[in-house]
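Here is how the chains run, residue by residue.
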Amino acid sequence: MTAVLFQQVSRHFGAVRAVDSVDLAIAEGEFFAMLGPSGSGKTTCLRLMAGFEQPTSGHIEIFGETAEGVPPYRRNVNTVFQDYALFPHLSILENVAYGLMVKGVAKAERLKAAEEALAMVKLPGYGTRRPGQLSGGQRQRVALARALVNRPRVLLLDEPLGALDLKLREQMQEELKSLQKSLGITFVFVTHDQGEALSMADRIAVFNDGKIQQLGTPEEVYKRPKTRFVADFVGSSNVLPPDFVAGLGFSKGYASLRPEAITLGESGPGRKHFTGRVVAASFLGAANRVTVEAAGARVAAMVPASLAVPAEGETVTFSFLADDLHQMDGAQ
Amino acid sequence: MTIAADTSILARRENTSGRLSDFFWRNPKILLLLMLTPPLLWLGVIYLGSLFALLLQSFFSIDDFSGLINYEFTLATYRQLLIPSNFDIILRTVVMAVLVTLASAVIAFPIAYYAARYARGKWKVIFYLGVMLPLWSSYLVKVYAWKLILAKEGIVTWALAKLNLLWVLDAWLSLPVVGGTSLSISYTGTFIVFIYVWMPFMILPIQAALERVPGNLIEASADLGGHPAQTFRYVLFPLALPGIIAGSIFTFSLTLGDYIIPQIIGSSRLFIGQAVYAQQGTAGNIPLAAAFTVVPIVIMGLYLWMAKRQGAFDAL
Numbered sequence: 001m002t003a004v005l006f007q008q009v010s011r012h013f014g015a016v017r018a019v020d021s022v023d024l025a026i027a028e029g030e031f032f033a034m035l036g037p038s039g040s041g042k043t044t045c046l047r048l049m050a051g052f053e054q055p056t057s058g059h060i061e062i063f064g065e066t067a068e069g070v071p072p073y074r075r076n077v078n079t080v081f082q083d084y085a086l087f088p089h090l091s092i093l094e095n096v097a098y099g100l101m102v103k104g105v106a107k108a109e110r111l112k113a114a115e116e117a118l119a120m121v122k123l124p125g126y127g128t129r130r131p132g133q134l135s136g137g138q139r140q141r142v143a144l145a146r147a148l149v150n151r152p153r154v155l156l157l158d159e160p161l162g163a164l165d166l167k168l169r170e171q172m173q174e175e176l177k178s179l180q181k182s183l184g185i186t187f188v189f190v191t192h193d194q195g196e197a198l199s200m201a202d203r204i205a206v207f208n209d210g211k212i213q214q215l216g217t218p219e220e221v222y223k224r225p226k227t228r229f230v231a232d233f234v235g236s237s238n239v240l241p242p243d244f245v246a247g248l249g250f251s252k253g254y255a256s257l258r259p260e261a262i263t264l265g266e267s268g269p270g271r272k273h274f275t276g277r278v279v280a281a282s283f284l285g286a287a288n289r290v291t292v293e294a295a296g297a298r299v300a301a302m303v304p305a306s307l308a309v310p311a312e313g314e315t316v317t318f319s320f321l322a323d324d325l326h327q328m329d330g331a332q
Numbered sequence: 001m002t003i004a005a006d007t008s009i010l011a012r013r014e015n016t017s018g019r020l021s022d023f024f025w026r027n028p029k030i031l032l033l034l035m036l037t038p039p040l041l042w043l044g045v046i047y048l049g050s051l052f053a054l055l056l057q058s059f060f061s062i063d064d065f066s067g068l069i070n071y072e073f074t075l076a077t078y079r080q081l082l083i084p085s086n087f088d089i090i091l092r093t094v095v096m097a098v099l100v101t102l103a104s105a106v107i108a109f110p111i112a113y114y115a116a117r118y119a120r121g122k123w124k125v126i127f128y129l130g131v132m133l134p135l136w137s138s139y140l141v142k143v144y145a146w147k148l149i150l151a152k153e154g155i156v157t158w159a160l161a162k163l164n165l166l167w168v169l170d171a172w173l174s175l176p177v178v179g180g181t182s183l184s185i186s187y188t189g190t191f192i193v194f195i196y197v198w199m200p201f202m203i204l205p206i207q208a209a210l211e212r213v214p215g216n217l218i219e220a221s222a223d224l225g226g227h228p229a230q231t232f233r234y235v236l237f238p239l240a241l242p243g244i245i246a247g248s249i250f251t252f253s254l255t256l257g258d259y260i261i262p263q264i265i266g267s268s269r270l271f272i273g274q275a276v277y278a279q280q281g282t283a284g285n286i287p288l289a290a291a292f293t294v295v296p297i298v299i300m301g302l303y304l305w306m307a308k309r310q311g312a313f314d315a316l
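Chains as they are written, first to last, in UniProt numbering: chain V, 1 to 332; chain E, 1 to 316.
Derived by calculation from the structure, the hints in this document are not laboratory data.
Hints are supplied without guarantee of correctness; some may be wrong.
In the SDA-like style, the derived pairs of lysine to any residue whose C-alpha atoms are separated by at most 25 Å in a straight line are [said to hold, decoys possible]: (1) V:K181 to V:H192; (2) V:K103 to E:Y234; (3) V:K112 to E:Q230; (4) E:K122 to V:E30; (5) E:K308 to E:I264; (6) V:K107 to E:K122; (7) E:K308 to V:R130.
Pairwise CB distance ranges (calculated) [to be verified]: (8) E:K122 to V:Q7: 36 to 42 Å; (9) E:K122 to V:R130: 27 to 33 Å; (10) E:L34 to V:Q171: 51 to 57 Å; (11) V:E116 to E:L302: 42 to 48 Å.
Please read all numbers here as calculations on a predicted model, not as lab measurements.
We put the CB at the ideal spot given by N, CA and C, even for glycine.
Build the full structure now, drawing on both the sequences and the hints.
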């Protein structure tokens, strides 16, 4: 079943088209990421799902029901806010029980459910504290518990890991993913971090200028970016200019080529090669990222750390499998 | 090379003001002490001192025959407060202050909410001007203006007559206690003018409190299923409460102590402020005046204590 459906949805703020004719269908139980730079319309899409914004035009359905004109408090959809939005005057337990309280669940019952939700996010016994006494990571978990205690059919997460440090973020990514699997709730996740989107999501919608540039599985989006924007934004693919691509024997047009698909030296059947001068090399741990200038284009390649790093100014030959080069639509 | 020699890394300041600022930089506490001593002396000695003297006066009594003050400790003056004519004054003032405070809060909240949540740019400036402008003109002028507005020959009566609604006013004025011969000589008039004059003191603290409530808390409440009324009850109101309390301290204490508005607008019955004025002036009964003055102080103390116990300041 389709959890969230957008049909030609637009949201304009004056002359600004924050969301511009967006079509999407999120399946039930899916972990769906909306990825894009700030101002790309991804958060506005999330707010349209939550009901904080109403579409200027278009049609939204949540589990088959028309969502336009339905206020947020009548939607069985919950949000984990970017800066958590915990109520500062309530205890952690009261925060988590809030959704049940406003729905009229008896006190003993709602406090028990809140305790269980806190245990689920690994914060048992924290109920009596105030939000101000918790660290960022703990507040994040409370925000998650506060949303999940309502058993929403769709959980919206607005850059929920943005304020956490790297280690905590990686840990929370894994926890979120396993939580989503065990609960079977549809997660809609907004992020500007492509690594996060790629590692967590079942499908990704890449946003730019209020439009979806590409919608697909992480692998599709990563390996076969449809537009230059997607190739640039998702991962660190090389975007090759039309002349360079034509020079290698492909049809003229922009193409993307992932650095790890390029190897040092020419060899083997089905491979294409090019020669260039090394302009930069940086050590990344498992590999060295070597950038060469070849036929007017800058191309980066991953050279395994076990191989010798070419010096700056040296001329080297790189090769890649012709299938790994992905030609993109138009000149977007 | 002289330039290089002059610009050493640790530049020296040789003049007096430079040395003085260096000294204060090294001893910030001395600067703080110098800045705070004059106002603290003013507050501590002159203000608190006179308040304490007042408190002391209230424990003396006046000799009924000679009219001289008897400097012996006694609670007789406080007992005098409880005789019906004096106790009526206290009761009248407190009831008026409570009603004025409640009405001010109810009227001020939507205005403050609009200013904090919706007004931007030009409209914010207009809001501040609108709220502050009445404070720039003399209080007496405003009160006399209201006397004319509320008088039998005033614009309120005129407008109601034109609208054929004079019977509403007449019906209201014929009610006991709140009524009178005209609005300007009734408790209703006193009530209206009190609200008007103290309104900025209620709006501004509430607006400041609401401004500090992040908008996403309102959204979070709605997101969790809170209807607008529930969001107000459980999120907005508790978080605005410190501002409402701050505003109510103003309206409540100002109404308790005011002696001009009830004198110009209203029935001739006394309020605490007028009683203090009369006792220390014409009657020359300083101890009773002092005892009357202690009443608002005690009431405010009780009010704040209760507000704190109710958790009004938890969100601070």
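Going down the list of hints, with the structure as the test:
Between K181 (chain V) and H192 (chain V) the alpha-carbon distance is near 23 Å, which keeps this suggested pair within the 25 Å criterion. With a CA separation close to 13 Å, the supplied pair K103 (chain V) and Y234 (chain E) stays within the 25 Å bound. The straight-line distance between the Cα atoms of K112 (chain V) and Q230 (chain E) is roughly 22 Å, inside the 25 Å bound, and the hint therefore holds. Proposed proximity of K122 (chain E) and E30 (chain V) is contradicted: the alpha carbons are some 46 Å apart, above 25 Å.
Simply put, K308 (chain E) and I264 (chain E) have alpha-carbon atoms about 36 Å apart, too far for the 25 Å limit, and the pair is violated. Between K107 (chain V) and K122 (chain E) the alpha-carbon distance is near 46 Å, which puts this suggested pair outside the 25 Å criterion. Simply put, K308 (chain E) and R130 (chain V) have alpha-carbon atoms about 18 Å apart, close enough for the 25 Å limit, and the pair holds. As the Cβ distance of K122 (chain E) to Q7 (chain V) is approximately 39 Å, the hint placing it in 36 to 42 Å holds.
Taking 27 to 33 Å as the suggested C-beta distance range, the pair K122 (chain E) and R130 (chain V) does not conform, at roughly 39 Å. In this structure the supplied range 51 to 57 Å holds for L34 (chain E) paired with Q171 (chain V), their Cβ-Cβ distance being about 52 Å. Roughly 43 Å separates the CB atoms of E116 (chain V) and L302 (chain E), a value that falls within the hinted 42 to 48 Å.
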